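Trainee: Here's the letter readout for the chains.
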Amino acid sequence: MAEFNELIKHFNKVRTYVRDFYVYGFKSRMDYPESGRRTYDNERRRIESWFADYIQYDYDSSHKKSIAITMDSNRIDSNPLFHVWKSKSFTNNDIMLHFFLLDLMQDGKSRSVETINDELQERYLTLFEVQTVRKKLIEYEQNGLFSVKKEGRQHLYTACTDLLTSHPDLYHGLKEAASYYQTAAPFGFIGSTILDSLRCRNDHFRFRHDYLAHTLEDEILLPLLSAIRDKQRVLMQIRYIRSGNINEFECVPLKIRISTQTGRRYVCVRRLTNGRLASYRLDSIQNVSLLKSDINYDRYLAGYENNSDYIWGVSFGCHREPEQICLQLSIEEKTESYLINRINREGRQGQLKRIQPDIYEYTIECWDSAEILPWIRTFTGRILDFTCSNKQVEQRFWSDMKKMQQMYVWENIDTIPSGGQ
Amino acid sequence: MELFSEIYNCYYQVVARILEEAAHKPVSQNEMTEITQRYGYDESALSIIPHLISGDWALLSPDDSGKNFTSRLCNPVRFPLTSLQKSWLKVLLKDERISLFFTDEQLELLRQELADTSPLYDPSAFHYFDQFQDHDVINASFRQHFQLILKAVEQHQTLKISYYSVKQRLIEFTYLPCWIEYSAKDGKFRLYALYRRRNGWRMDVLHIGRIVKIEETGYYIKEPVRIDKLADDTLCQEPLVMEISDERNALERTMLHFSSYQKKVERMDETGKYLCSIYYDKTRETELLIQVLAFGPVVKVIGPAPFLKQVMERVNRQQLPVRK
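As they're listed, the protein sequences go chains A and B. Going by the working numbering, the first sequence opens with residue 1, and the numbers climb by one from there. Going by the working numbering, the second sequence opens with residue 422, and the numbers climb by one from there.
Treat the hints as calculated values from the structure; they're not laboratory data. Since the model is a prediction, treat every value here as computed from it, not as a measurement. We put the beta carbon where it would ideally sit given N, CA and C, even for glycine. It cannot be assumed that every hint is accurate.
Simulated DEER-style distance windows between Cβ atoms [stated by the list, open to error]:
hint	chain 1	residue 1	chain 2	residue 2	range
1	B	Glu659	A	Gly244	33 to 39 Å
2	A	Glu371	B	Glu423	33 to 39 Å
3	B	Asp485	A	Thr132	41 to 47 Å
4	B	Gln533	A	Leu384	55 to 61 Å
5	A	Pro33	B	Arg669	22 to 28 Å
6	B	Thr704	A	Ile355	32 to 38 Å
7	B	Thr704	A	Trp398	31 to 37 Å
8	B	Gln533	A	Asp58	51 to 57 Å
9	B	Glu659	A	Glu305	46 to 52 Å
10	A	Lys391	B	Lys572	58 to 64 Å
11	B	Thr707	A	Asn247	37 to 43 Å
12	A	His167	B	Arg669	35 to 41 Å
Pairs of lysine-lysine, PhoX-like flavour, derived with a Cα cap of 20 Å [said to hold, decoys possible]:
hint	chain 1	residue 1	chain 2	residue 2
13	A	Lys27	B	Lys685
14	B	Lys694	A	Lys64
15	B	Lys694	A	Lys65
Simulated coverage check for chain B against chain A, where a stretch passes if three residues somewhere in it have a Cβ under 8 Å from a Cβ of chain A [unchecked claim]:
hint	stretch
16	462-470
17	552-566
18	601-614
Given only the sequences and the hints, what does the whole structure look like? Please build it.
Mentor: Below you can see the structure in the form of structure tokens.
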């Protein structure tokens, strides 16, 4: 039986498990019928080990054990899910060469592979094959740790000057910037590795509305950004969240749209089969392969920009004309001016108009009016009227309101709680 | 550029800590285990220690007794920045908020040092479509206030702060800054700071953008303050409990939406619904209430009673037009 190992070779292997354990937190082994029992047990054990401080166990009504990764993201100094990025497996030679080479080359001298190998044996009493050392030097040159120059027939390697060794006064600013941007910027785990390199941790920043699971999509995000920068097509493999079906198609990625309120990130693409704009959640993308450049890229991007004023979230709808929404709200001007501020800052491209004292009208045109319904529901209790050119959406809104009244008012007419804070 | 690389491995960090310790004095197996437990994962010691002691990772030399070990390295362990880390930093140089962490000279120096580095990505590829429009504006005064606060947090120095309250009243008070909170949703920085009352410290939250003036007091707090305990005072006594149906993909949407909270979810086999308990900060109850209402009838609040009462009041107040 293979020995249990905390480390993994491929990031994708655990992505689904970590996401499920963190986002859902109620799934048990029975929810992974496609995984063998041992595979599930190994992944679970790994996750228990990586996130020991955040693991919560429970048993459901059928006595099945479930495991959850749970924490209040406002009360932690770093995203624990970054641990997955710091779990790549390695060989004995990898770890020894890492420390020996960085130690040996600290003097800044240039050396050939053969000289390095001899010195490794002499200084650290460890014998490596020249090929192994050469491979590691090439890898570290690609990683920016060493530089290489050719002298005659030899390649000479030198350690690159370390930023902080030459400018130690940058340490403090770098520490604070990495502490902040490890959460505030994409690819935050890189900031976390900088903190590791500096041997420090974030002790001055906390974050609100921080969706930690984003980090699990970064391996998908990077090739998409590379394609956007180089105006390339990609082959994208999607796993539809509801059906579980997998689909693969070519498209041109144009923009990454991020919701700071719902925890979702999307890529907007132009599909090549039907020429339509579409958005896909990054967590539904299984794989991205870069293809050739697209000469029409700028035209596609301009098409996206022209449409973007009419996107509330990420949907481009399915009609040729944008849909119109009109919302009337009751707002007591003397005491509730904060609501007017709220609509102005949250209402995106919509317009707010005072139509009479204490009554305001918010209007907006967008491709898919269904997307705006969650925001409109946040004004429950003060909605005087809601109309939409898409009558299905209008009907759904009022039908939902009726259901909520059934749920909260009619069913509880005799049991309205009297508690208060 | 490879994102998933062993260079950033947690084991390398643990081994570096052990090597640092072993460079100063011989370390025992117990000391190695302690370091591993502090910086590694839960089961890392089971792998790291045997590899180091057996010589599979020949980074340590045993002493004559074979029980203590010294480092074979000749220099202090260093982790120079990699191309990936530099290319990430290069992107940050395009962000206006980077000026909060450096002086102009330091920023210029960083720009020079990273001149040959390509940015990891182009920030204009991102669009944060639902971020509030009144986010903080980073100007000279904001920058100065921010840097003074960071310095005071580091040094435990109290600051005399004048700022406009939510009700636009100019208030001046002496605070001990504790930490800075950032919200991507509204793009605002807030200062969590303590002020002294007769019976002890109290926590206050100040929006940094509303600060008018900060003066250093030169007074440093040496006594330990249990900041976490003060922050815990605002945690709810009872969690919000909601029943979630799986209509319209509601389970997926709610779970992701509320993933930033500490929560517990149970599947109710008999109804096919889910019971979700959320532990929240009472000072942000209204925000949570709004989030819950946004989901409409696919989420039903079960308790606690005061929270449920607020939902019921709002829903009850909502008129259904006759024509609908």
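Trainee: So, for every hint listed, does it hold in this structure?
Mentor: Quick rundown of the hints versus the structure:
1. Distance hint check for Glu659/B and Gly244/A: the Cβ-Cβ separation is about 36 Å, which falls inside the suggested range of 33 to 39 Å.
2. Hint check: Glu371/A to Glu423/B, Cβ distance near 37 Å, so the stated range 33 to 39 Å holds.
3. In this structure, Asp485/B and Thr132/A break the distance hint of 41 to 47 Å, their C-beta atoms being roughly 31 Å apart.
4. At about 60 Å, the CB distance of Gln533/B to Leu384/A agrees with the hint of 55 to 61 Å.
5. Here the CB-CB span from Pro33/A to Arg669/B is close to 25 Å, well matched to the stated 22 to 28 Å.
6. Separated by about 34 Å at the C-beta atoms, Thr704/B and Ile355/A satisfy the suggested range of 32 to 38 Å.
7. The hinted window of 31 to 37 Å between Thr704/B and Trp398/A holds, with their beta carbons roughly 34 Å apart.
8. Taken as a hint, the range 51 to 57 Å holds for the pair Gln533/B and Asp58/A, whose Cβ atoms sit roughly 54 Å apart.
9. Between Glu659/B and Glu305/A the beta carbon distance is about 48 Å. The supplied range of 46 to 52 Å therefore holds.
10. Between Lys391/A and Lys572/B the beta carbons are some 59 Å apart, a value that agrees with the proposed interval 58 to 64 Å.
11. Distance hint check: the CB atoms of Thr707/B and Asn247/A are about 41 Å apart, consistent with the given range 37 to 43 Å.
12. At roughly 54 Å, the beta carbons of His167/A and Arg669/B sit outside the given window of 35 to 41 Å.
13. Simply put, Lys27/A and Lys685/B have alpha-carbon atoms about 12 Å apart, close enough for the 20 Å limit, and the pair holds.
14. Under the criterion of a C-alpha separation no larger than 20 Å, the hint pairing Lys694/B with Lys64/A is consistent with the structure, at around 17 Å.
15. A threshold of 20 Å between alpha carbons decides the hint, and for Lys694/B with Lys65/A the separation of about 18 Å falls inside it, so the pair holds.
16. For the stretch 462-470 of chain B, the stated coverage by chain A is satisfied: 5 residues place a CB nearer than 8 Å to a CB of that chain, which reaches the threshold of 3.
17. Here the stretch 552-566 of chain B counts 4 residues with a CB under 8 Å from a CB of chain A, which clears the bar of 3, and the coverage holds.
18. Restraint check on the stretch 601-614 of chain B versus chain A: 8 residues with Cβ-Cβ distances below 8 Å, three needed, restraint holds.
Going down the numbered hints, you'll see the structure goes against 3 and 12, while the others check out.
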